[in-house]
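**Q** Based on these hints, arrange chain W on the given structure of chain U.
Protein chains: 2
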Amino acid sequence: MSVPGHPGHGGRVPEPSPAATRGPVRVVGTGLLGTSIGLALRAHGVDVVLHDPSRTTAVLARDVGAGRLATDDDAPRLVVVAAPPDVTPDVVLAELAAHPDAVVTDVASVKTAVLAELERSGADLTRYVGSHPMAGSERSGPTAARADLFAGRPWVVVGSGESGPQALLAVRDLASDVGATPVMLDARAHDDAVALVSHVPQIAASLVAARLAHADPAALGLAGQGLRDVTRIAASDPGLWTSILAANADAVVPVLEALRSDLDVLLDALRHAAVARDAESVVAGALGAVAATIAAGNAGVSRVPGKHGGVRRDYDVVTVLVPDRPGELARLLAEVGAAGVNLEELQLEHAPSQPVGLASLSVLRGLRDTLERELTDRGWRLAGSSGG
Amino acid sequence: MSVPGHPGHGGRVPEPSPAATRGPVRVVGTGLLGTSIGLALRAHGVDVVLHDPSRTTAVLARDVGAGRLATDDDAPRLVVVAAPPDVTPDVVLAELAAHPDAVVTDVASVKTAVLAELERSGADLTRYVGSHPMAGSERSGPTAARADLFAGRPWVVVGSGESGPQALLAVRDLASDVGATPVMLDARAHDDAVALVSHVPQIAASLVAARLAHADPAALGLAGQGLRDVTRIAASDPGLWTSILAANADAVVPVLEALRSDLDVLLDALRHAAVARDAESVVAGALGAVAATIAAGNAGVSRVPGKHGGVRRDYDVVTVLVPDRPGELARLLAEVGAAGVNLEELQLEHAPSQPVGLASLSVLRGLRDTLERELTDRGWRLAGSSGG
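Protein sequences, first through last, are from chains U and W. Residue 388, in UniProt numbering, is where the first sequence stops; the numbers in between run on with no holes. Residue 388, in UniProt numbering, is where the second sequence stops; the numbers in between run on with no holes.
Careful: at least some of the hints might be erroneous.
[Stated by the list, open to error] Incomplete in silico selection of chain W near chain U, CB under 7 Å: (1) D148; (2) V197; (3) A209; (4) T242; (5) D262; (6) L287; (7) A295.
[Unchecked claim] Which bits of chain W does chain U cover? Going by a derived footprint, with three or more residues having C-beta under 8 Å, they are: (8) 199 to 208; (9) 264 to 271.
Please keep in mind that the hints were generated in silico from the structure rather than gathered at the bench. Note that CB positions come from ideal geometry on N, CA and C, so glycine has one too.
Bound-form chain U, shown alone (with noise of 0.2 Å):
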């Protein structure tokens, strides 16, 4: 995260303005997203007030450690609205009204529909600048907040056309202190990538785990960790996805209609497998038109940026049996970082009902050889490997 000096910082900001640094940051909805923003800023020691409809729900962030509750002389320097987007329009030009000294954000996850609103009322834009930090999670309210929730994530920041220089600036500083890395696009760019990247594939999550609502439990004792991933995000709200998919429905429907008719080609091909007898009489092409839909999903998810800022890399994976008590894993670590081994990523997973977890250690590629020797060396035994 970005520190007062930072070195992102230093050489960019003007000499600070005061309505730039008197007074604190306003968050308004405190669920999930505000109070993660407020838990990151109140992490460098920024000043927070909360605000929400739902006072429970505003003492909860309170509780959590986003900041303190608003009052009425606040006299905030920036505004983060971070609500629903069907109200997110109305909130933003109350708390224009109210601040007139602040700059104004909101966090909603589509930006055309929100921007046109707001030019539709006439309101003044200058201080106004839209916002979407591209994180989140399937769970929601104050109490999944996460100070980290958006360290290294895209924070996408959507000029209003009449947007001063002054409040984009302290949008874009918003992004950076809490962790994030500003993207400037505009709102129909926006509003077009989170459909292929957010909505589309939130609905396909949503229609595959549809199908299981009613399914055989002896069906559901056969999902893997495949299902599982699928579906992981059709946990989201149904009331805050469906304000999305309405709100950002021009761009959502393009897709999905594409999607559904690469669908129409694979059923066809489909039945035309399920009437023929054995694969030499399926009929020409239908098989074909199988692979195709599986090769153009490979080439999809390989442009699929991994977790190191856009670059897929690959490790080596050596998976070490640990007894399932306290100390053997760090007895395990320790042993790995004896051998001078960094490791890259670790996932921890327990057998069921067994005594042991498989710790699976990814190391870069080329370390594989010296970590199972080492490992082996000192008694550990090694479920598998995999890598260069």
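**A** Then chain W, alone, in the frame of chain U:
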């Protein structure tokens, strides 16, 4: 994993028949599954012989430790056919003929089509039993194999109707020996179940990923964990999956048609929302249909079993900033152990371009406060926590 004398076996196994104790296990097809079976059996000291139509692939499997290369006088007691579904019946028939004393099983992920073709052949199927270990990876080939691939996973055992009790027992024991849990199902129930929990999720992941193949890099830069999870299995092998989907088209088509019908309802609702100027003017029912889609997904995903044997356990999660140097994670975990707290799960993630990692420590509900206090007292920086 089960070992000789394991209580799960003791009461059940009759006097070992000569055929069940003499001779090696022969693995035909040394891709991901075949090689992983070899590795798991070798870990128990079982003699494993390896055969693959590609000699390079067989040698690679031997070199990773999955067994020795097959010879003409191996006299196997059990043959495991690990080939794509479309070639499986022919290979099973050839193995039944070549090894008249051996039990033969296959691990193809579809069972009805394989069994139907075997039955049409007129062969004696008393020595044949179908298998489907519910384990895999989006990676393929012998180098992706892991001895622990089957640990704690279901292994579906499908009798042929003619399968003899010794044959069924041999295949159940194989499943136990590689650490899996045998589950008896008939071929049709198996195929319906995997259509739902494996094949349709694969198709959905591929369809979503395919939309990314020509996406703007700026859009892909906004991708988060949700997209990565939904599309991970889209990296799977097109050849293998064409064979699987074609062979199970009967079971896949109805699930896919139901999904498509849900998709059409949602698309209609979103088209209404797209032309509406604001939420108030969306036609009655359209927003309800969107919410119903997401809610149905909630209901479905809540039924997906978690890691811990079918019961989804909720943990408290404490996230700690860990300097990205050898030994630091070990020191953290040593201090977690010293605090007497057992980790249930652990995930380590590097924040891009930052010299720290984030370690998310999952602990049983109620231990969070203790852990936070102990770690803070010892000077660790907490990045957040969630749960109870």
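**Q** State for each hint whether it applies.
**A** For each hint, the structure was consulted:
no., hint, in the structure
1, D148, "holds, 4 Å"
2, V197, "holds, 5 Å"
3, A209, "holds, 4 Å"
4, T242, "holds, 4 Å"
5, D262, "holds, 5 Å"
6, L287, "holds, 6 Å"
7, A295, "holds, 4 Å"
8, 199 to 208, "holds (count 9)"
9, 264 to 271, "holds (count 5)"
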